[in-house]
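> Can you make the complete structure from the sequences, with help from the hints?
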Amino acid sequence: MAAAREVLVSAAKKFFVLGLIGVPITDRFASVVPVRGRSMSPTFNPETNPLFDDRVMVEKLCLRRYNFSRGDVVVFRSPVDHKEKLVKRIIGLPGDWVGTPHTYDVVKVPEGHCWVEGDNEIPSMDSRSFGPIPLGLASGRVVRIVWPPQRMGEVEQKVPEGRLCPS
Amino acid sequence: MKLLSYIKQWKSAARETIARASIAAQFLSLIHITDAYICSTTLVQGPSMLPTLNYSGDVVLIEHLSHRLGKLEPGDIVVVRSPVDPKKIVAKRIVGMEGDRVTYLTEPSYSESSRTVLVPKGHVWIQGDNVYASADSRYFGAVPYGLIQGRAFLRVWPIRDFGFLG
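Line by line, the protein sequences give chains A and B.
Using full-length UniProt numbering, count along the first sequence one by one with no gaps and you end on 167.
Using full-length UniProt numbering, count along the second sequence one by one with no gaps and you end on 166.
In short, the hints are calculated from the structure, not lab data.
You may find that some hints are simply not true.
[Stated by the list, open to error] BS3-like cross-link-like pairs, simulated, lysine-lysine; straight-line CA separation at most 30 Å:
1. A:Lys108 <-> B:Lys88
2. B:Lys121 <-> A:Lys60
3. B:Lys11 <-> A:Lys13
4. A:Lys60 <-> A:Lys83
5. B:Lys88 <-> B:Lys121
6. A:Lys158 <-> A:Lys108
7. A:Lys14 <-> B:Lys8
8. A:Lys108 <-> A:Lys83
[Stated by the list, open to error] Selected chain B positions facing chain A (in silico; Cβ < 7 Å):
9. Ala21
10. Ala24
11. Ala25
12. Ser29
13. Ile33
14. Thr34
15. Asp35
16. Leu65
17. Arg68
18. Pro83
19. Val84
20. Lys121
21. Tyr145
22. Gln149
[To be verified] Output of the computed footprint for chain B on chain A, the stretches with three or more beta carbons under 8 Å from beta carbons of chain B:
23. 12–21
24. 45–59
25. 76–82
All C-beta atoms in this analysis are idealised placements derived from N, C-alpha and C, irrespective of residue type, glycine included.
What follows is the structure, encoded as structure tokens:
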């Protein structure tokens with residue numbers, strides 16, 4: 001009995017230490033998060049089954065200088081609900097003119113903001129509904145898919161053709 | 001025989017190194033967790049919060065709990081990642097939460113003209129106490145709640161002004 005308790009206590013201690021050291025690593029360097037929903041399909045979640053949602057690795061070093069480029073997939077806090085985090089692709093950076101296909105309008109991205117959109121055609125919660133968002137809301141850049149194993153691989157940068165007039 | 005004792009020695013040295021490194025890592029992690037999730041210090045400079053905070057720079061304590069728990073209310077001094085430059089962090093006072101109507105002077109130095117706006121969902125309206133020299137929501141509009149980094153609650157330096165911030 002005593003031996004079993006000792007084993008349990010030492011295991012709990014190890015878990016605690018691992019958790020403690022894990023927090024700064026996930027905050028500052030990289031973490032793994034699941035992607036929910038269809039808005040980034042086919043890049044993430046090409047299947048509709050929520051049991052097989054993609055897990056992606058999010059890199060945080062880019063937050064030191066906020067050096068994002070067009071085509072990066074980023075995780076950011078929703079500007080309408082701070083408890084919600086969204087994964088979208090950056091289309092335009094400060095100073096760019098971005099065309100919105102549905103309203104035939106051209107929008108200038110203000111200083112310190114970016115234009116984000118989902119890869120899917122279906123309307124999603126992105127800059128098409130709430131406009132450009134401050135870069136300060138970004139909490140990381142998605143670099144690769146880590147789960148499921150058959151979909152493992154890097155996430156590539158891509159910018160849709162003819163949507164953008166860079167500054 | 002000699003090799004065995006050498007391996008043994010090496011093993012114990014390695015174990016000790018790992019134990020020490022783990023203690024150092026735990027210590028650093030605790031510092032990070034305290035700094036990021038509970039309380040940190042920061043130096044606030046500039047004219048925008050006069051007369052509450054000094055022009056030449058005050059050291060204030062920032063707590064990171066109430067914005068996560070949704071306990072912020074109008075009147076709190078918050079530090080916010082600037083929407084116009086994500087590398088900069090600014091200290092301002094919350095004037096209105098989402099759904100509030102805020103009235104402000106458009107050109108305080110020249111005229112009495114004012115404007116009333118509705119703060120959109122998920123946003124807060126922040127303003128400096130010094131209406132004449134502050135780049136705030138009057139200039140860039142309401143800011144998303146997600147940009148708030150913490151609430152300034154205690155001034156620790158200069159020591160003669162030590163005390164809670166209202």
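> Taking the hints in turn, state whether each one holds.
These are the hints, each one checked on the structure:
About 22 Å separates the Cα atoms of lysine 108 (chain A) and lysine 88 (chain B), which keeps this hinted pair within 30 Å; it holds. Of the pairs offered as hints, the one joining lysine 121 (chain B) and lysine 60 (chain A) holds, with about 28 Å between alpha carbons and a cut-off of 30 Å not exceeded. Simply put, lysine 11 (chain B) and lysine 13 (chain A) have alpha-carbon atoms about 23 Å apart, close enough for the 30 Å limit, and the pair holds. This hinted pair checks out: lysine 60 (chain A) and lysine 83 (chain A) have alpha carbons roughly 19 Å apart, not beyond 30 Å.
At most 30 Å may separate the alpha-carbon atoms for a hinted pair to count; lysine 88 (chain B) and lysine 121 (chain B) meet this at roughly 24 Å. The straight-line distance between the Cα atoms of lysine 158 (chain A) and lysine 108 (chain A) is roughly 20 Å, inside the 30 Å bound, and the hint therefore holds. This hinted pair checks out: lysine 14 (chain A) and lysine 8 (chain B) have alpha carbons roughly 24 Å apart, not beyond 30 Å. Distance check on the hinted pair: lysine 108 (chain A) and lysine 83 (chain A) sit about 28 Å apart at the alpha-carbon level, within 30 Å; holds.
Checking alanine 21 (chain B) against chain A by beta carbon gives a least distance of about 10 Å; that is not within 7 Å, so the hint is violated. Because the smallest distance between the Cβ of alanine 24 (chain B) and any Cβ of chain A comes to about 10 Å, over 7 Å, the interface hint for this residue is violated. For alanine 25 (chain B), the interface hint holds, since its Cβ comes within 7 Å of a Cβ in chain A; the closest pair sits about 5 Å apart. For serine 29 (chain B), the interface hint holds, since its Cβ comes within 7 Å of a Cβ in chain A; the closest pair sits about 5 Å apart.
Hint on isoleucine 33 (chain B) holds. Least Cβ distance to chain A is approximately 6 Å, under the 7 Å limit. Against a cut-off of 7 Å between C-beta atoms, the interface hint on threonine 34 (chain B) is violated, since the closest Cβ of chain A lies about 11 Å away. Because the closest C-beta pair between aspartate 35 (chain B) and chain A is about 9 Å apart, greater than 7 Å, the hint is violated. The restraint placing leucine 65 (chain B) at the interface with chain A is violated, with a minimum CB-CB distance near 15 Å, outside the 7 Å limit.
For arginine 68 (chain B), the interface hint is violated, the least distance from its beta-carbon to any beta-carbon of chain A being 9 Å, above 7 Å. With its C-beta approaching chain A no nearer than about 4 Å, proline 83 (chain B) sits inside the 7 Å limit, and its interface hint holds. The closest approach between the C-beta of valine 84 (chain B) and any C-beta of chain A is roughly 4 Å, which is under the 7 Å cut-off, so the hint is satisfied. Evaluation of the lysine 121 (chain B) hint against chain A yields a held restraint, the C-beta minimum of about 5 Å falling below 7 Å.
Interface restraint check: tyrosine 145 (chain B) against chain A, minimum CB-CB distance 4 Å, threshold 7 Å, status holds. Hint status for glutamine 149 (chain B) relative to chain A: violated, with the closest Cβ pair at about 9 Å, above 7 Å. Under a criterion of three residues with beta carbons nearer than 8 Å to beta carbons of chain B, the stated coverage of the region 12–21 of chain A is upheld, 3 such residues being counted. Using a Cβ-Cβ cut-off of 8 Å, 0 residues of the region 45–59 of chain A lie near chain B, which falls short of the minimum of three, so the contact claim is violated.
A count of 7 residues in the region 76–82 of chain A with a Cβ less than 8 Å from any Cβ of chain B is obtained; the coverage claim is therefore met, three being the minimum.
The structure does not agree with the numbered hints 9, 10, 14, 15, 16, 17, 22, 24 stated previously, though it agrees with the rest.
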